[in-house]
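A.B. asks: Heads up: the sequence lines are chains A, B and C, in that order.
Each residue of the first sequence is one higher than the one before, starting from 0 at the first, in numbering that gives the first Met the number 0.
Each residue of the second sequence is one higher than the one before, starting from 0 at the first, in numbering that gives the first Met the number 0.
Each residue of the third sequence is one higher than the one before, starting from 0 at the first, in numbering that gives the first Met the number 0.
Among the clues, some could well be false.
Chain copies aren't distinguished; within one or between two, either way the pair holds.
Below, in silico cross-link-like pairs of lysine-lysine (DSBU-like), each with a Cα-Cα straight-line distance of 30 angstroms or less [said to hold, decoys possible]:
{"hint": "1", "residue 1": "Lys126", "residue 2": "Lys32"}
{"hint": "2", "residue 1": "Lys162", "residue 2": "Lys32"}
{"hint": "3", "residue 1": "Lys162", "residue 2": "Lys126"}
The set of hints was computed from the structure by calculation and includes no laboratory data.
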Amino acid sequence: MSKSFIGKACTSVFFILLIQSAFARSSKLSKQKSPCKTFTLYLHDTLFNVTNAANATSTAITNATGISNFQFGTLIVFDDPLTLDQHILSSPVARAQGFFFYDMKTRYMLDYQGTLNLMGADLMDQKTRDISVVGGTGDFFMTRGIATLRTDTTQGFAYFRLKLNIKLYECYY
Amino acid sequence: MSKSFIGKACTSVFFILLIQSAFARSSKLSKQKSPCKTFTLYLHDTLFNVTNAANATSTAITNATGISNFQFGTLIVFDDPLTLDQHILSSPVARAQGFFFYDMKTRYMLDYQGTLNLMGADLMDQKTRDISVVGGTGDFFMTRGIATLRTDTTQGFAYFRLKLNIKLYECYY
Amino acid sequence: MSKSFIGKACTSVFFILLIQSAFARSSKLSKQKSPCKTFTLYLHDTLFNVTNAANATSTAITNATGISNFQFGTLIVFDDPLTLDQHILSSPVARAQGFFFYDMKTRYMLDYQGTLNLMGADLMDQKTRDISVVGGTGDFFMTRGIATLRTDTTQGFAYFRLKLNIKLYECYY
């Protein structure tokens with residue numbers, strides 16, 4: 000636990016695994032499956048189009064890269080009202096503030112089973128480093144855990160391969 | 000759980016709901032309310048101002064957009080020392096590395112009750128898709144759950160409306 | 000819980016604490032320490048280099064700032080295949096979509112003990128505001144909690160100091 004830490008390069012990662020194969024179905028811990036709170040809201044997003052500064056609630060802050068037809072790389076910041084019904088002029092009961100970005104390069108055919116959400120510090124000069132699994136959906140509903148990353152190989156800046164060992168400590172299924 | 004997944008457009012979302020109305024106060028699960036660990040740190044942030052490259056610990060990496068007076072859209076990356084007392088020259092016991100960005104377009108009058116933190120993959124071609132609620136504050140203290148998104152309507156790139164059905168499975172209150 | 004909320008400036012923060020000193024070792028709650036699910040994947044990342052648009056799976060969307068030799072401020076978006084073995088041409092069983100960014104300004108000597116991952120809304124005009132601790136590693140393995148932020152001092156845009164009071168409500172150790 001107590002290693003000397005001389006960062007050669009350190010990054011933060013925030014990413015989402017879209018998982019296809021059900022390669023890990025066993026589960027030990029079972030938790031309650033009915034919600035303790037539930038509610039519905041409508042989010043209204045109006046994109047900035049040069050002329051609507053007063054009404055716009057979201058705007059791109061980076062340009063799409065040229066390597067994809069799917070706006071890959073565009074980062075959009077928003078401050079959107081949420082209402083209890085579908086009308087944009089209803090009084091907002093909440094606001095959603097944050098960002099989304101286009102990170103699908105092309106179309107895939109995947110029979111997907113769920114998602115895992117990961118974030119953490121990637122201390123690249125360490126042989127292995129842990130990042131947090133903070134949530135999941137589908138087969139990975141409400142899961143939490145740790146992903147241990149190891150740089151398996153690297154070719155300058157051109158290519159790298161990471162080995163991810165994912166250990167989930169909280170499972171609903 | 001096992002749908003064919005041909006993404007028309009896929010984005011990752013990271014956002015925060017600021018919630019005003021206490022429209023969902025019921026709660027089933029009660030957890031311990033005293034911390035298992037607690038400590039205090041001081042974070043020191045020195046913004047890059049063209050002349051202080053050696054001392055600066057944070058810098059803007061995108062420009063503010065013109066649609067707001069509140070630096071809406073500015074993304075700032077930081078690598079800040081944390082100390083046990085208020086002195087910037089004390090020996091750091093931790094570092095905070097990450098980013099923050101300005102995502103409030105204008106001022107609001109809200110009687111707010113708490114926040115929810117969401118992240119996940121928004122597979123837009125799917126009718127409904129789940130993202131993770133990974134934390135909350137205020138009335139939503141320490142909560143976890145799932146938000147099911149449905150695109151309720153869309154007008155080209157100009158406007159879209161999402162229906163959010165939020166189900167919290169872990170509640171402290 | 001029900002304060003008037005007139006935002007002077009509101010930001011979202013996503014950050015990671017790299018913690019050196021073991022200043023808080025006490026723990027009340029003990030949880031299971033063996034995973035309920037575990038699996039291994041290989042992630043393949045090919046960086047865009049102007050000529051490889053067809054094969055590239057990641058690309059920078061902001062430029063490095065000049066204040067560091069470590070690409071500080073570069074934000075990279077990726078859509079990487081994950082395979083069950085080390086071969087890049089194996090059939091992907093998952094995709095990793097998201098971003099990472101360089102947020103280490105310089106090298107440090109730290110005997111680090113673990114990390115905490117934080118995200119939340121920083122409503123700067125409020126005296127204190129809570130953000131979520133959504134995960135941790137090392138001494139803070141699998142932890143969750145709340146960080147209460149208070150702006151301790153500020154010098155225009157040049158410098159600010161935050162007081163972080165961190166309370167962890169879920170601890171594995």
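A.B. asks: Each of the hints needs a verdict: does it hold here or not?
C.D. replies: Here is how each hint holds up against the structure:
1. Lys126 x Lys32: between (38 angstroms within a copy, 23 angstroms between copies)
2. Lys162 x Lys32: between (32 angstroms within a copy, 22 angstroms between copies)
3. Lys162 x Lys126: within (11 angstroms within a copy, 33 angstroms between copies)
Going through the hint list in order, the structure satisfies each hint without exception.
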